[in-house]
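Participant: What follows is each chain in one-letter form.
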Amino acid sequence: MSDTPLLDVRGLTTHYVSARGTRVTRAVEDVSFTLRDGETLGIVGESGSGKTTLALSLLRLLPPGARIIAGAIRFEGEDLLAKRESEMRHIRGKRIAMILQDPMASLNPLFTIGDQVGEPLRVHEGASRRGAWERARELLGAVRISAPNARVRNYPHELSGGMRQRIVGAIAISCGPRLLIADEPTTSLDVTIQAQYLSLLRELQRAQGLALIFITHNLGIVARMCDKVAVMYGGRIVESGPVRRIFGAPAHPYTRALIESIPKLGDSNGRLTAIEGQPPDPAALPEGCAFHPRCPVRLEKCATERPRDSVVGDEHRTACWLHG
Amino acid sequence: MTPLLEARGVVKHFPVRGGLFGGPRKVVRAVEDVSFVIEPGATLGLVGESGCGKTTTAKLVLLLERPTAGEIRFDGESLATLDAEGLRRYRHSVQAVFQDPYASLNPRMRVDSIIAEPLVTNERLAAVELGERLRKVLDLVGLPARAAKLFPHEFSGGQRQRIAIARALTLSPRLIVLDEPVSALDVSIRAQILNLLRDLQRELGLAYLFIAHDLAAVAHMSHVIAVMYLGRVVETGAARIVATQPRHPYTKALFAAALPSHPDDSRDDVVLAGDVPSPLDPPSGCRFHTRCPQVMPRCSTDEPKLATVDGREVACHLYDSAEIARAAAPRG
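So the protein sequences, as listed, match chains A and B.
With the first sequence counted from 1, adding 153 to any position gets you the working numbering.
With the second sequence counted from 1, adding 17 to any position gets you the working numbering.
In short, the hints are calculated from the structure, not lab data.
Incorrect hints may have been included.
Stretch by stretch, here's where chain B covers chain A in the computed footprint (C-beta under 8 Å, at least three residues) [as the list claims (entries may be wrong)]:
id, segment
1, 239-246
2, 338-346
3, 424-434
Here are a few chain B residues that face chain A, going by a calculated C-beta distance under 8 Å [claimed, not checked]:
id, residue
4, Ser67
5, Leu80
6, Leu81
7, Gly175
8, Ala201
9, Asp203
10, Phe272
11, Ala275
12, Ser278
13, Asp281
14, Asp292
15, Ser317
16, Thr318
Ideal Cβ placement from N, Cα and C applies to all residues, glycine included.
Please construct the entire structure, taking both the sequences and the accompanying hints into account.
Facilitator: See the structure below:
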């Protein structure tokens, strides 16, 4: 194991500022984590928890109005925040790739599959059109598309949802990236197709030694795919650690409630443990711990003082006054 | 006891025009020979992937579509023979809650008008009575009385789904069709709504037709599960049995594909190859044979019929021998 992690994020803070600068939404606050080669990290959170903004911050693909205020992102030892935009373009798609939720929105309806899978190779590696198509055929084979020779000539609308998402996967791995960020990659897929896709990602990861970041609201995907988890709430990581620790002994009341609120196959008929209230508006986060209005075990100071990050086990950290 | 709702051999075909120049007409066989019963106060869960016909089935029950063949009976009466008054009563008794509470509530109406609309159109009630009923249903779904004067955009997704449920409850229905009622909601909110639906079922004796792709949620909510594949029911029985000891290879694959609730609960990885075939041109014989890991020669030619296996109904040739043995035994 090398000393420098593949990705080292420290104190990352991203805010959305309204046009007049009067309203500030603290989408991501003081987020830190590391990822080693070949590791899989699940970032779990509900809508508004900041998980997608975090992913976009890593690639510096933020929409106008969003700004990285503080922190550092070191990838392969280099500071991504110090890079010029032109340098970032050489990293995106080549060394860090991303898969988004809706494959139909990620594919251009007017170009053939061969053109789109080959595009990163032409852009990043200067491959010829012919050479890129040749590689595209191999890549389609690698993502288990049958009859790749015929499929390269197809347009996205001629393929099923599962196939489209595999095409997006082929584009993502085309330049042999070190890190793949997948934002809700299987939400639009059927259950058996989702299972296919997840095992495909596993295979690709093993074959290429990829590090993976899964952005998801689905704890099942985390349980199935990830080595470690970071749980986000109100823009902050409230708990992080190895996946078995998090599921076996969750330290933060939010994590615990989330795990308990999910129906489990086989034990039916009991009431589910519900979390009262709803996730906070990221533009108006509660004082103190953002989870305190919904927390079943809150203390008095939770409403006023923000809990510090504390270590509760091997690589297991949480930000909760119960442990601070 | 007569079942509340009974579907017998229901078929729904949609004709589609073939091509630009009116080529051969094709037929989407959305629902093919589907039978099920829903008992009063009980939940039937329909599971399956896109194109399996579960939403068409829901539409047939809601009378938004008429079956091509077969019949649906409510309280023992066939829907096809109901007169205008009978249909009006049926539509009172069967309500629906849909997936997206952002799309199913009119953004220009206040909550009280949304909830009271079924009452205003169906019953002549004095304003006082109307207000009374309104307060009652708001209370039932756990919304404060002041919610009545607000617009849908002032609520979160979970609360909007409560409004949609309140609207479904105003006419005191006996059956509610729930089409993916929690899949648009945040994870921490889903349990709230599922708990609410169960409480309402117990308090009001409601029956549910529950449709969702989240298998664990369906298994949790349902008394009986029917698994559909390309328009046919391939396995049906008590929820507990079907979910934990599936027999049909498709049901096995489906529940194996369901995500684990803990990193250590490893299941047999049955990963199905290929995509769901088009219902325009379903495979011959057993419709699942093109993806089945245990396919046999006869599966591509003979359509398997539902037969009782281990306390539930399965349509699969793997269990033919059991069926033959049972048929050979003297009839009682």
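Participant: With reference to the structure, classify each hint as holding or not holding.
Facilitator: Hints, verified against the model:
1. Coverage of the segment 239-246 of chain A by chain B is violated. Counting CB-CB distances below 8 Å, 0 residues qualify, and the rule asks for three or more.
2. Counting residues of the segment 338-346 of chain A whose beta carbon lies closer than 8 Å to any beta carbon of chain B gives 4, which meets the minimum of three for the stated coverage.
3. Judged by the Cβ-Cβ criterion of 8 Å, the segment 424-434 of chain A is covered by chain B as claimed, because 8 of its residues qualify and three suffice.
4. The beta carbon of Ser67 of chain B comes within 6 Å of a beta carbon in chain A, closer than 8 Å, and the hint placing it at the interface holds.
5. Interface hint at Leu80 of chain B: violated, since its Cβ lies 28 Å from the closest Cβ of chain A, which is beyond the 8 Å cut-off.
6. Nearest Cβ of chain A to the Cβ of Leu81 of chain B: about 23 Å, over the 8 Å cut. The hint is violated.
7. Evaluation of the Gly175 of chain B hint against chain A yields a held restraint, the C-beta minimum of about 6 Å falling below 8 Å.
8. Hint status for Ala201 of chain B relative to chain A: violated, with the closest Cβ pair at about 10 Å, above 8 Å.
9. A least Cβ separation of about 4 Å between Asp203 of chain B and chain A falls short of the 8 Å threshold, and the interface hint therefore holds.
10. Hint status for Phe272 of chain B: holds, given a least beta-carbon distance of 7 Å to chain A, under 8 Å.
11. A cut of 8 Å between beta carbons decides the hint on Ala275 of chain B: the least distance to chain A is about 6 Å, and the hint holds.
12. Interface restraint check for Ser278 of chain B: the shortest CB-CB distance to chain A comes to about 4 Å, inside 8 Å, so the restraint holds.
13. Against a cut-off of 8 Å between C-beta atoms, the interface hint on Asp281 of chain B holds, since the closest Cβ of chain A lies about 7 Å away.
14. The interface hint given for Asp292 of chain B is met, as the beta carbon of that residue sits about 5 Å from the closest beta carbon of chain A, less than 8 Å.
15. Below 8 Å, beta-carbon pairs count as interface contacts, and Ser317 of chain B has none with chain A, the closest being about 19 Å; its hint is therefore violated.
16. Because the smallest distance between the Cβ of Thr318 of chain B and any Cβ of chain A comes to about 24 Å, over 8 Å, the interface hint for this residue is violated.
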